[in-house]
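S.K.: Put chains P, H, Z and S with the ligands on the given structure of chain C with help from the hints.
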Amino acid sequence: MRNDPTRLPAALELTGFSAYHGSVAAAKDVSLRVERGSAVGVLGPNGAGKSTLLLAAAGFVRTTGGVSIGGQVADRLSPARRRRLGLAMVPQERAAVLELSVAENLRLSWLTGRRATPYEEARTSVLEIFPALAGRLGDPAGNLSGGQRQMLAVSRGLMATCDVLLLDEPTAGLSPKLISELVEAIRTLNERGITVLLVEQNFSVVERTCSDIHVLNGGRIVWHGPTTGIDRDSIGDLYSGARRPRPTASTPPDPVPESRVRPEAERAVPARSGEAEGI
Amino acid sequence: MATTPGAPRVPWVTRQGVYLGEAAAIALGAILLAAVLGPHEAQIAAMTAIFALAGVGLNILVGYTGLVSLGHVVFFAIGAYGWARLTESGGVGLALVLPILVSLLVAALIVLVTLRVVGYYFGITTLAIGLLSVVLVQNATPITGGYAGISGIQQIAVPGFAGPGQVLVMSGLVLAVAYYLQSSLRESPLGAAMLATRFDVPASQSLGLSVSWIRLLAFMISSVPVTIAGAFLAQLVHYIGPDQMSMETSIRLIAIAIIGGRGWRWAPVLGAVVVVTLPELLRPLAEYRLVFYGVALAFVALFMPRGLNQIVTWASGRIHAARGSTG
Amino acid sequence: MTELLYFTIIGLCIGCGYALVALGISTLFNGTGVLNFAQGDVVMVAALFVAVRTTAGGGYLAGFLEAVAIVLVASVLLGLLFVRPALARRRDIDLIIVGTIGVSTVLANLANNVLGSETYRLTSPVTAQAIRLESFSISFDYLAILLAAGLLMAAFFVFYKKTDIGLQMRAMSADVDAARLSGVRIARLTVVGWVFAGVVGVFAGVLLGTVLLVSASMGVALTISGFAAAMIGGLRHPYGAVVGGVIIGLAENYAAGYLNTATRQAIAPLLIMAVLLVLPQGILAGRGVKARVV
Amino acid sequence: MSTVQLSVREMTVRFGGVVAVAQLSLDVTGGEIVALIGPNGAGKSTAINGLSGFVPVTVATMSVRFGDDVVDLAPLSPPQRSRLGIVRTFQTPRLIPELTVWQNVAMGSVAGDVRRRWFEMLGGPGLSRGARDRRDRAVTALAALGLDRLAQDNPGELSLGEQRLVEIARAMVSGARVLLLDEPFAGLSSVEQRRLADEIDKLRAASVAALLVEHNLELVRSLADTVVAMDQGAEFARGDAATVLDSHEVRERYLGEVA
Amino acid sequence: SGAQSASGEVLVGVALPFSGAVSRTGNLYRKGIELRLKQAEESGDLGDISVKVDYQDDANNPSEAVPLVTRFAQAGAVAMFGAHSSPVALAQANAVQAAGLPEFVFGASNSIKNPFQYQVNARDSEQIKNVINFAARNNFRRVGIFTDTGAYGTSAKQQLDAILGESDLEIVGSETFEPNASNLTPQLVSLRRKNPDFVAMFSFGTPYAAVVKGRAEIGWKVPIVGNVAAGDIAVGEIAGKDADGLYFMTPLGDDSPASRTLAENWAKAYPEDPLTFEGATAYDAMTVLIRAFKEGGTSRQAVQDWLSKATAIEGLACGRSPWNLTERAPIKADDLAFRLWKTGETVAV
Ligand SMILES: Nc1ncnc2c1ncn2[C@@H]1O[C@H](COP(=O)(O)OP(=O)(O)OP(=O)(O)O)[C@@H](O)[C@H]1O
Ligand SMILES: Nc1ncnc2c1ncn2[C@@H]1O[C@H](COP(=O)(O)OP(=O)(O)OP(=O)(O)O)[C@@H](O)[C@H]1O
Ligand SMILES: [Mg+2]
Ligand SMILES: [Mg+2]
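Chains as they are written, first to last, in our numbering: chain C, 1 to 279; chain P, 1001 to 1327; chain H, 2001 to 2294; chain Z, 3001 to 3259; chain S, 4001 to 4349.
By construction, these hints were calculated from the structure, which means they are not laboratory data. Just to be clear, a hint being listed does not mean it is correct.
Said to hold, decoys possible - Computed spacing ranges between beta-carbons, pair by pair:
1) C:R81 x Z:R3009: 53 to 59 Å
2) S:A4098 x P:G1091: 20 to 26 Å
3) H:L2077 x S:E4295: 53 to 59 Å
4) C:G66 x P:G1021: 50 to 56 Å
5) S:E4009 x H:A2262: 46 to 52 Å
6) H:A2285 x Z:A3022: 26 to 32 Å
7) C:G66 x H:R2084: 26 to 32 Å
8) P:A1108 x Z:S3063: 32 to 38 Å
9) C:R81 x Z:A3074: 50 to 56 Å
10) P:A1108 x H:L2080: 42 to 48 Å
11) S:E4166 x H:A2285: 55 to 61 Å
The beta-carbon is built from N, C-alpha and C at its ideal position, and this holds for glycine as well.
Pulled out of the complex, with its shape left as it was, chain C reads as follows:
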């Protein structure tokens, strides 16, 4: 697919892509392709591996298989490098530095991004989408409400002035009003030629924004096709009997171990070392 001359390079392409937590493949042999200026949705039950997939594409999780950003092979690039290549991500957790002010968060995200547009300009255009933040620039991000944090998270993604934006459940905790505004925002992004890979639980959002859908379950793509080809209930059926990733027998060759970005994961005690047992 990658070396098919008739198509220009995809904005983001994953081929035979697997992502691992330790020996567990949370995403297995995923292949997907996002055309420039389009939006693709990824759906799946909880624990399907959606976030892992995005984190892996952004370089935060140990992976095997191919990633290419705008036709450029990025398998071995560090997260920071991928970001500077124009791949920005709005993670599901830890999407802002709570101790820093809203403004500082925006600037931080702009700094590490591609800086295509000047800071002031980028900021004003972002604040147009989320006016609620305009009044809070000075406050610590930690003081924001859940939804306001979500707004900040998305704004940070936009500040990176990227080509490809990975959104992990951006509408979670947003009020209906803001959801529709976000949908609009995604559409305008597409018009500006910015590509979006959208992980969502809210099907209507996907319906309104995405051309194609990939349904993930147990780390594998169980269905993919045009948005028109599927409806809410049949998606629900695909979820049913949600499967979890199992430990794969063969641990992957990739040498660089990347720890999953998650609070305290480091402290995790394997269930075997009896110390954490008994309450």
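M.R.: Just chains P, H, Z and S with the ligands now, kept in the frame of chain C:
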């Protein structure tokens, strides 16, 4: 990882029998060593047992509650000087009990003073308390004998054993008890509560756990073994003075818990072996022995967050794997 | 009256000396989230090295430059040592404390074995000059400390509040995960943080060495004074170090001059406890609305 | 079991200048589900924080009634309120990392045991017994939410949605009389949402009083008996689900539909 | 016990600080011991006895020093050197007695009273008596006391208060200081308020440098009499001219033939560091021990017996009169000569 849906295989939740067995092993081990070792080795072994006993306290504090105290030498001092002075005027029973009560009181006071202080600030406050106690020890000459300290301290006589062996036996027995209690505490509701407060204060509050109370309990509990250890140190060395009550001692105590693998039930014993016994074995390194000690500290703390526990689990994992492949 | 004035000036300068150590500590803390129990020993290494070189006939400034070079190398190594834990988000205070104490032990004993256990006192180009008031003479060395503390504090403030690297480092020290997800290069900035702390340490070393005795065993005492200063002032606040340092410096000198040494020994610990009892985050941290917890 | 009622009058929460909650009054009775809706930053979570004692508030009265005896909540700390049976969940899940999932859930009932079963810390047979029934309760609660497959995992290894469900399970085993749920459905898949909705619905039968903060209006419609809509801290609509959700203000101020 | 007497090999233990703050002093003692042993082997006055020395670091910490005693005892050592500071000596007392192991200790405290511990440095009381002589010679009356808060100062302070109190000197003021304090001027200022004729200061090595520096900073010209430790070469190196007017005592005369030969040999062996009382006392102690081996025997018992009865040991570098060990503290007040710092050098007075 996850088990087959429906019937989760949840392991046998407590291992009382195991702990009892291990405690007994510790006690027997101490007695055995006391019987076979020469006076010098016995002295080192006793020193190890004493620091292991103190390590139990720090293991509970650091490992379960996540509080870092750089001032636990206070309780060490209370135990040591308490024993030294109270045995002068007879009463061994009093010398055993009174210091513990004093320690509990002091622990409570410290927690009250530091109630709102968290994280590093707590560590530094306890450090300050440790420094204060040293100043106190130096200047409260009537009680502590000032810098000259107190010499000629008597020890509990254990029939059938001589010199350091006696202290080794006694501290070994106490260590065994402390070990057992520490292990079951870990699995009791209180232990779980301590762990919760260590990681997430709001969450534990929402679970109905009063963080200040748990802190208080943890601090008081942890002060007891350290106090007793202090008393044994006084008995082993027959002398007690300010130089033994330095901040360096406080640090040793934490180092034991960390190197052993804080929170792990074997941490105090194994940690003490590394921190106390190893330097004696490293004497050939002469003046580079402390360099080595420092390297060990830094390495474990930075690269082996679960200390020796990490090695042990890794090894046992290997053994499991080997068994699996063969059978 | 002159006595009081003298005590005050000396207290100020000594306090700024503590502040120099404290600045190193809070630089690293605000940059990488690591509270460094080895800062005092970094200072010691710098001072002792310069002392050895100067007694061997080298110049003060030459020694200073060499010390900078050496500490730079050491800091880079130390920084690299702390990269892995940072990436693994190992921030448990107990591990950091014991880890840095380990580093401190290594530095102190290596210095003792390599640079020797002799005691020195540095003489700087300005040691001879002094202001006199009545019988008292206050060497310019003291004033140099005052000056350096002020300048470094300002630099510290500008760096963290105004520069982009400073912003990224603050993000990193606040939350490594979030910083990493925002594209901050953790490994690099960790090393940078240690290098800054190291350089501050060298300044502290060569300046403090001119007013107190330099030996391989001076590190721990310095670290403790540094902590006292940083904690009392407030670790996160740029002025915290200096404010705290000056408070302790004055308190100690008045205590020693008008009361007795026991009080002087007890005053810093007592101040720490008293201040943190009332203001758990230090004097200057009380500003602004309390941060949201849940 | 005597019916429980949580009631608060004129609760106000200020942060510096910001008024997060203004003069809010609520009654939540056992067997009833009250939904609290409103735009982002309206003050819903803060309201829950106020009720559970996590932020200082000014109130006329804040009390919980068990049958005939009334307890004034105002002076009580969060843990004290929790021990009274007023249990909350957080908008962002908060699990204890070093405990496995089932142990986290078992924590739901630990507070009482620290007092009642303190002797367990001395070891002995009591410890095993207590531990075992804590475990069993936890595992059943997990099974109810279809999470028993996670029982052995470490919270650090869970996806966000899984974490949220585990936290809810933890709240469920605590034997709460009043449940304060902050956006429990956020980030859940449609399947999980349906399952959770059933569980919450069961609370009625158990005559638990539930306060539900939620943005998903379909779920609110299907679950809530009463809906309170607030904006900028102040209530602007109240009544049964249908009327409130279809009301003009809600459509305009919350859904952003311009009539 | 000392079964060694049969074989020609005897073991001697040395437990001194070879690491940490005072490791330099520890190494000076060690040099003295090694030098004496080397000479004895070369000159063959050890006969068929071969002495093996086990040097161990006690980090100047009682908890480390006590196990070393049992270590030596168990290894069959017949005597040991140790205890740079008095607390260590006090801590070891019990162990050496239990093992019947005679020990040469360097701590100066008067509270060291154990029959197995021989203090080869002048006790505090003796040094203080000498302070009185000094005052008499310069007809000073008003004395200010200045001691550190560490082991050295505090053990001396009690004696100072007691002995000077009884003398016809008037104690006008008494101040203490931390050995590692950042600045000592405040204490000196408050001592100056009492304007004493001279200051009696008891501490160890380098603090003297800090004090004379401080004295210069506050512009005070008062003479200071220090104990033996004030002769530490570091004082001159650090303080230079500021050390002028600092007197100290030394058991090491420069008139006796023994002291002269020692000075020569030392200069040959260790050209880099000048001979001080540390090296000299350790050297003498080793001389005594060798005598004990030859005349008493090479068992612990024999050595202890010989030492405890030795009344007049001739030909030692330290002390004017022959050593009398029956009180286990041979160096007396009038064995101590005074020296004075002048522009970084020391001169006799
Ligand atoms: N750090 C980790 N270590 C081990 N396993 C993990 C880790 N993080 C996630 N997993 C597992 O990988 C699987 C996928 O997790 P992921 O977060 O990608 O799910 P998700 O699709 O994003 O779910 P949600 O919709 O709830 O966010 C889950 O089964 C989870 O248990
Ligand atoms: N501790 C605090 N300090 C300062 N401001 C706060 C604090 N807590 C809440 N706020 C502010 O109060 C307002 C209400 O916050 P709250 O979290 O209650 O909103 P919410 O209704 O839960 O919104 P969402 O639906 O997005 O969760 C917000 O503007 C928030 O920024
Ligand atoms: Mg996810
Ligand atoms: Mg909310």
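S.K.: Going through the numbered hints above, which ones does this structure break? Give me the numbers in ascending order.
M.R.: none
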